[in-house]
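Protein chains in written order, with the UniProt record's numbering: chain D, 1 to 373; chain R, 1 to 373.
If you are wondering where the hints come from, they were derived from the structure by calculation, not from laboratory data.
Where hints are given, some of them may not hold.
Pairs count within a copy or across copies, as identical chains cannot be separated in the list.
In silico DSSO-like links for lysine-lysine, alpha-carbon gap of 30 Å or less [unchecked claim]: (1) Lys308 x Lys293; (2) Lys358 x Lys308; (3) Lys308 x Lys326.
Read off the chains here:
There are 2 protein chains.
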Amino acid sequence: MNSTPSALDRLYSVIPAGGIGSRLWPLSRADAPKFLHDLSGSGQSLLRDTWDRLAPLSGEQRIMVVTGRAHRAAVEEQLPKLEDENVVLESEPRDSTAAIVLAAAILEQREPGVIIGSFAADHVIANPERFRAAVVQAVAVADAGYIATIGITPTDAAVGFGYIRTDEELEIEGAPQALRVGNFVEKPDLATARRYLSSGKYLWNAGMFISRADRLLEQLGASEPELLAGIMELAEAWDTPRRGMVVDRVWPTLKKIAIDYSIAEPAAAAGTLAVIPGDFDWDDVGDFASIAKLHSAGRGSELAILGKNARVLADSSSGIVVSQSKRVISLIGVHDIVVVDTPDALLVTTSEHAQRVKSVVDALRAGGSGDVL
Amino acid sequence: MNSTPSALDRLYSVIPAGGIGSRLWPLSRADAPKFLHDLSGSGQSLLRDTWDRLAPLSGEQRIMVVTGRAHRAAVEEQLPKLEDENVVLESEPRDSTAAIVLAAAILEQREPGVIIGSFAADHVIANPERFRAAVVQAVAVADAGYIATIGITPTDAAVGFGYIRTDEELEIEGAPQALRVGNFVEKPDLATARRYLSSGKYLWNAGMFISRADRLLEQLGASEPELLAGIMELAEAWDTPRRGMVVDRVWPTLKKIAIDYSIAEPAAAAGTLAVIPGDFDWDDVGDFASIAKLHSAGRGSELAILGKNARVLADSSSGIVVSQSKRVISLIGVHDIVVVDTPDALLVTTSEHAQRVKSVVDALRAGGSGDVL
């Protein structure tokens, strides 16, 4: 009998639930961030979809959520089985490294040798079984000492995602598809994206990371030692009466940096980052164009309608309507349109310009209309 | 000394204020018809604009308004100087002949020899002085026994208006521009409209009629004797205690027919219809495209914004926004767009499709959404 738990038994899921999703304004707001909305058409929030996808892997007792203090009640309402000790509250957003590595540090302290898998709270995955099969391989890779990610096999030359260039096969037991990561590349232009697609060597970066917690801490110590020191101070105080005091003092001082830059790229440069290609349908639903695409399954002549109480009358129109009011919405002869109707704000744009919503949010903030953000 | 009042002193203005303006839904409603809105940007309703345009001609004591019972309070609020005896209330709409000829019959009874001028409550005229100069000529023509209209000199090959074909000059004293009308033509196609424009012989039909009241009655008696009989029965009872009883019995039986068909076309056929060409800017603001045009003065790259409390943030957008809420309205990259935002209904279309709004109203009514009409 082997008393060491299997790698999968050591998996702890971490869900950073932080981003507002500014490109989805006025649906997503400071007080109603993207992960609290049903954008997949599942009938429940993206956060709950994420929970349901992870529970069969790590068990409901082993899912930690990192979120803002303001969202605590909403998160707990969405996830009634979330345990108190698995809630990490941020007093203010400090980007993904602080959120994920603090979770890793707390868990490593509670359970040395833990493997953490971090998955965004606000992405859509159509094939959860295939997703979990990829995670199982990634856990084996993590157990072998790599930091692992899951990269999505591209289905088109998307310019809205970052890409991962793959290198040779790693030949790790239990992870037949594992490849070494060459490097990460930022969102490309269309010509570059087409080249990536046809090369067969690139995957979409879906922001999923699976690693032994101690390896994450070690990598961060190499690239951002000050940030690691702050996180360790927080983790050591976490399960003590000093938590509140230390959070108030240390958290606001942590460097804001995305985990892609603090850990993934340095690990790739060091040859210790691995990737499992994921052959499941994935989308980060980053803007209304991608929601429209998701709901009309690529048929551009259709009109997708989101909203339980939507009253939409459309004549020769296509695109997407998001209704959060009981108002009658009438469209005549508008194509690839995006209409988002909420009680205090209305957005009208087109799929083509959906990425520019964020700049409008910035303009509203600058112009004193923060009340609708 | 001549004791007969001059023709202009015998003028009584009549304003039929009836049409809802379905092509302007959801701004115009059963309980907020087009004439109660500020569509000209004057800061007051079209009805009040009309009153202000007519008061210098006939005097405020000589303006009669024919409107629905439901609009009485709103009309009186707009026109505080409107005299009680100058309000004719319809229990239900019976089209323009009943409205205008009843007014004429009541006024002829009160003041034999009266000349009435009937002008829509919901049109826009940019040059009131030139309008009044045309009316003064039309009054002279009416005094000579003709039924007169004012036709607008076309500025483009519009397909949204009916046209008037002019014949020879009439050589009437005080009306140097008066022409005999050949015939009326319905809204033409573009090729026909271009031909009309280049011929120089056609004017737009603006629905303005100026005539001795007795001549109107006589013409209606020739073309629609039953309708005239009903109207005369109403007029005879009007200033008596029997008014209510007779209205309840007779008004709902009156034939619904536009005055163009019951009087203007038969008079044209008889050679007794005259027209004064009006060289003022006129628009019937029949749909949102024409409102957009009115407000951006033809500059297609601009965005017109109507609504006192409008909060509009537009990025690379053109067209028109009508805001009747305090909501923030954000437009990104939409061109020739029409957005009409009201508390219970939203319309999104384009200038090109603005004429189709009426069909949406019909569909809403058929579909059980009459609550927003």
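Cross-check of the supplied hints:
Taking identical chains as interchangeable, the C-alpha atoms of lysine 308 and lysine 293 lie at most 30 Å apart only when both belong to the same chain, with a minimum of 19 Å there against 37 Å between chains. Taking identical chains as interchangeable, the C-alpha atoms of lysine 358 and lysine 308 lie at most 30 Å apart whether they share a chain (25 Å) or sit on different chains (27 Å). When the C-alpha separation of lysine 308 and lysine 326 is checked against a cutoff of 30 Å, the pair qualifies both within a copy, at 9 Å, and between copies, at 24 Å.
The structure shown violates none of the earlier numbered hints.
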